[in-house]
Amino acid sequence: MKMRFATRAFLWSFIPFALLLAGSFWAIQQRVQNTVRSGLRSSLREAHMSMAHLRQESELQNNRFLRIVAENPSLKAGLQLLLINPKSGAARLTLEDQLREIAETLRFDFMLVSNSDGAPLAGVVRIDNQLVAMDIKRMKPPQQGFFTLGESTYQVNSFPIDINDENIGDLSIGEHFDLSEFSTPAILAKNGEILRSSVPTASRAELESALRNCGDEAECETRVAGETYLTLAADTINFGNGYTLRSLQSLDSVNGPVQSVLRQAFLIASLGALFAAAALSFFSSRSIVQPIAAVVSSLRQSEETGTLPSFQGNPSSIHEIRELIESFARAAAAVRESRENLQQAYVEFVGSLAGALDARDDYTAGHSRRVSEYSCVIAETLNIAGTDLEVIRVGALLHDIGKIGVLDSVLRKPSKLTSDEMALVQQHPSIGRRILEGVRGFQAYLPIVELHHENWDGTGYPLRLSDTKVPLCARIVHVADAYDAMTSARPYRLALGHDTAMRELKRFAGIQFDPEVVRALVNADQSGKLLRNTRDAGPSLRLVSVPRATGEAS
Amino acid sequence: MFGRALSSVLLILTLGPFLRAGDIEGTIVIQRKLTKRKVTSSTDPYQRGPAVELGSDQEQDPLAFERSHVVIYLEGNFPSDGMTTAELNQQNRRFSPDLVVVPAGSTVSFPNLDPIFHNVFSLSKAKSFDLGNYPKDHTRIVKFSKAGIVFVDCHLHPNMSAVIVVTPNRWSTKADESGHFMLPDVRPGTYTVVAWHKSAGFFRKTVRVTNTGTDPVEFTIPLSEDGAVQQARK
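From first to last, the protein sequence lines are chains A and B. Take the first sequence: its position 494, counted from the start at 1, is 494 in my numbering, and no numbers get skipped. Take the second sequence: its position 206, counted from the start at 1, is 206 in my numbering, and no numbers get skipped.
Derived by calculation from the structure, the hints in this document are not laboratory data. Treat the numbers as computed from the prediction; the structure is a model and nothing was measured. By construction, the Cβ of each residue, glycine as well, lies at the ideal position given by its N, Cα and C atoms. One or more hints might be untrue.
Said to hold, decoys possible - Sample of chain B residues with no beta-carbon within 12 Å of chain A, all distances over it, derived: (1) D23; (2) L99; (3) D114; (4) S128; (5) F129; (6) F151.
As the list claims (entries may be wrong) - Not the full set, but computed from the structure, chain B residues with beta-carbon under 8 Å of chain A: (7) L113; (8) P115; (9) N119; (10) N133; (11) P135; (12) H155; (13) L156; (14) P158.
What the hints assert, rightly or not - Derived lysine-lysine pairs resembling BS3-like cross-links, with alpha carbons at most 27 Å apart: (15) K76/A - K136/B; (16) K136/B - K137/A; (17) K136/B - K87/A.
Construct the entire structure; sequences and hints are all you get.
Written as structure tokens, this is what we have:
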């Protein structure tokens, strides 16, 4: 997969960072949640315990009070009456009436008197707010615990009825069992079947199945209707007969607000942290990539310009980057140097080739070198410098390379050339072009080689281009070539003098030669540059050579 | 009711010729409620609803109830042949009537009209008795030979209570609801008229009876708040 280095650096720093942050936030949140949860659970348990304790206490208080009821002398008298006349319906009625009286006065919902063997004798129970006599032959109410009759459940306690330290029976007193007196939602079940429930959100069937998971555990966490409940058995009261009383508290409803606050806080914190991580990653990746990007962009620029980059003055505070730049600069310098060497070698090779070519004929010996020197003088006078000057220098050296393809017999012919021979000679710019075309790095010299015989008025060869359609470099070399040809001896004429040559050039300025270039040569001559430079150029410079007949410049 | 009617008949029979001359007439004035009572609605005596404060019972004027529960009699053991019989029923877990006035030497029967047992007894100084448990349609008879206030209760039903006022002679009566009373056929002389109320106690006034007539007697009950009630139980 192709990816930008900046993206890669960003992702590699951001993703692990983000994962680490998200993971640790998640873990912390879980931990905090669990802590909160267990704290809530224990506080619930404590509340439950204190409630149970209070309840136990009130139960005790209540029992003390109910014991007084069992000491009611009238009731004792009634019980005695019934014990003496066990078959008497009136006696039972009397006792029932007494119980009803007491139950009415003290608002009991259930009263039962049984004999000392525990067999029920008479009882009343409140049904639909009416106290009715119990059918004791059919009902088997317990002495203690819960007792269900129809839709109503009663919580029953029993107290002995004693006369003269002799137990003559028991009085059971019961009240409607109401879960509303519990501060928490609660359920009353008998053998796993829910009898009463004050859990508002769940049906009895749901509660039954949820509590089945709890079994006999006193404390149990179970899920009811999608909510988590903590249920605690109220084991401080002795129930018996399979009755269980449990309080249920929704942990979620207690936990919910706390959790949502926590979640919000953690969400904000983690988003902030992620944002910070993203920003940090962005900046760090940027700081890594930026120097590299600078290097890359300068490389790309060098690719476009074709020159080798130089990194002088590219400051980077990063050690590795600096090292990279330095080593790259060293490599680039080495490459540049070797390329320059190669170029130099080429040029020298070509120069010596041209020299060798010149040497085929005594008359043209040193011609290429001289033309190159004169061209450079003219170019410098025209304020040409740098690469362009170098192109002119080398191009002038090579300008007659095409003569390699012209027969010696033609070249060295002492007499006037025929028109066919002239045509052959006039092919040398095109030949030169063909030779150099295939050499890489010589493209710059092609115009000079091809066009140094084009005239200002368009009468030259091979393309018959006129005035500025011919590149300046070629026009310069044209003038320099003519000058050297005139001041050199030819087999068919003697060398013309400097002044004559200059005069000739001036005469043909604007016809054969670019007047600007000629003026530059004249200026160079007047300021002495031409002679000095050419004189300095070496011993091979011969202004006056073997006298020959005048002829056209080659 | 029966006892009172009977005594009136007897009085008329024995003391007829002197009726106009020696009647003691008077009124009982009661300005405020003396007894706090509870009334229970008794649609079915064995399936009653919750108790209701008397104040909400508009049928009977509470002061009329108080006035009709004042006993008036003459103090002193005058020879008299006023022995009567009276009945104190046990009905709907109450004594009915709850106040009986009989001269000393009378007998009172206690028939049980309820389907449940009652056990009537008294621990009063004038007469103490315990009639034991007895069911419906059974009765017991007690003779009261000594004057005094006899409080009657039921062992099985502590709420049941009645008073039998045994007077020393046959000149005794209850005021009617308006507070009016009359003791007919009193020989001329000076007497102490006693008014008794269960809560307020005894009130005494001296009355001179002449052939020409007698000034009306007026009792204002109670005279004082304290003391009277304690006195009543003696």
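Cross-check of the supplied hints:
no.	hint	verdict
1	D23	45 Å, holds
2	L99	23 Å, holds
3	D114	9 Å, violated
4	S128	18 Å, holds
5	F129	16 Å, holds
6	F151	16 Å, holds
7	L113	12 Å, violated
8	P115	6 Å, holds
9	N119	7 Å, holds
10	N133	5 Å, holds
11	P135	4 Å, holds
12	H155	5 Å, holds
13	L156	5 Å, holds
14	P158	5 Å, holds
15	K76/A - K136/B	21 Å, holds
16	K136/B - K137/A	25 Å, holds
17	K136/B - K87/A	15 Å, holds
Checked against the numbered hints above, the structure violates hints 3 and 7; every other hint is satisfied.
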